[in-house]
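Chains as they are written, first to last, in numbering that gives the first Met the number 0: chain A, 0 to 355; chain B, 0 to 85.
Honestly, I wouldn't trust all of these hints.
Unchecked claim - Far from chain B, by Cβ distances over 12 Å, these chain A residues were calculated: (1) 33; (2) 125; (3) 191; (4) 229.
Claimed, not checked - Label-pair restraints from in silico Cβ distances: (5) B:64 to A:45: 16 to 26 Å; (6) A:35 to B:40: 27 to 37 Å; (7) A:35 to B:36: 28 to 38 Å; (8) B:29 to A:41: 28 to 38 Å; (9) B:84 to A:187: 55 to 65 Å; (10) A:46 to B:61: 21 to 31 Å; (11) A:100 to B:66: 11 to 21 Å; (12) A:87 to B:38: 20 to 30 Å; (13) B:40 to A:128: 20 to 30 Å.
In case anyone wonders, no lab produced these hints; they're calculated from the structure.
We put the beta carbon where it would ideally sit given N, CA and C, even for glycine.
As a plain string of letters, each chain reads:
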Amino acid sequence: MLYIYQTSCISPQPFPLAINNFNTDITVAHHGIMVVEPDYADIPVNILRRMGKAVRMGVGAALPIIAAHRNIDGIVIGTANGSMEDSIKFLNQIVDYKEGMLTPTNFVQSTPNAVAAQLALLSENKLYNTTHVHRGLAFENALLDVMMLCADQPQSQFLLGGLDEISTYNHAIEYLGGWYKSDSIDTNKLYQSTSVGTIAGEGASMFLVGQNPSGAIAKVSAILSLHAEDMGEVADGLSRFLIANDIDPNAIDTLILGENGDIRFQHFYQNVARAFPLSNQLRYKHLCGEYTTASSFALSLASLLINCENVPSHLYKDNGKAKGTINNILLYNTFKGLQHSFIYVQSANDMAINAT
Amino acid sequence: MEHTALKNELKTHIIQYLNLKIEPEEIKDDQPLFGEGLGLDSIDSIELIVLLDRNYGIKIEDPKEGRKILVDVNTMVDYIEKNRKK
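When you get a sec, could you build the whole thing from the sequences and use the hints?
Below you can see the structure in the form of structure tokens.
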């Protein structure tokens, strides 16, 4: 059990993320949608100028939480690629200058743990500091890590985050690999697409989490991540997940699916949705695009949706069924049909859950 | 290269290497690079050493020598003019 007290998200949506302020008319450029970066007024100028976008996003999203909670007991970040743009710059320098003198900034900023490290430096936090880099399950592993930490240290509060950027080089490789749509597409028509590929996205989502229910806005009750190419394995995993955590499928009022418009993975989402015939189905990748840690955006969204009664219609897959207050959400996401995760998010108010 | 042109070129390089959000003309020739002037720090000093190596073929290996060179644009240009290899 993990309680969420505060979220902060830098994404292609206006910052800060708010249910009543989504932008559904996002310009798709170079097969992707970019984050809307705030002015980062809280980051010292001399530090900001050295940061690549991933580091800027991560630090910028985390600082409002750190500023409000100085006594965080650790920082746990999930990112598949970290600051890939700086990594490529650094690697290119090695070639271009024949392994001669290299600039330190790109090297310092290029490692995936640069965000967690920068946050530790800025907040003078010398406690637990870890970055998980498990591709499409990087954020899920960070979440699992924090859940175990909190079980051991019930009085502690941690900063949890997930982030990834669109980098020029990595984006080109992924595009050539057929992961992004070659035709120009409107984000509003993403789910109607019958072609392969998706729209690239990026973002950074941060959470203040702990074990104390007081002051919480939502809680993560269970998580399962698995590697599988076969739909049957995913279905088995889901069954085990529901049984192990004593979850009644009919109690889940909302299913948030990571559908991304890639026809190759639609059957995974359809199959999972069939297990929850009474649940409303929501989608979100028209708001943030597809990236390795997009499930962190989904958790931000879920945290905002808990106890929400006026869900924007564009989030619904089928205009919604019996609409009401959202208390029990299951997130399902797959990355490239190889990595899958289920995250069970509930209202932090047990009375609300029991009333559903 | 003419003295003033070299100064302008160096200022452009400094801005590019250090990702400063200013224009070349905003850097005064005698403005201290570190501390109260441009406010650069130790990581920037390494970037400037790399800048001199890549653009002018100058290798600074003695930190004491570096402190005398990396004072302001004037001192850097004087050193470049006397020691450049490209």
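Hints versus structure:
no.	hint	verdict
1	33	holds (19 Å)
2	125	holds (21 Å)
3	191	holds (42 Å)
4	229	holds (47 Å)
5	B:64 to A:45: 16 to 26 Å	holds (25 Å)
6	A:35 to B:40: 27 to 37 Å	holds (30 Å)
7	A:35 to B:36: 28 to 38 Å	holds (34 Å)
8	B:29 to A:41: 28 to 38 Å	holds (33 Å)
9	B:84 to A:187: 55 to 65 Å	holds (58 Å)
10	A:46 to B:61: 21 to 31 Å	holds (29 Å)
11	A:100 to B:66: 11 to 21 Å	holds (18 Å)
12	A:87 to B:38: 20 to 30 Å	holds (29 Å)
13	B:40 to A:128: 20 to 30 Å	holds (23 Å)
Violated hints are absent here; each numbered hint is respected by the structure.
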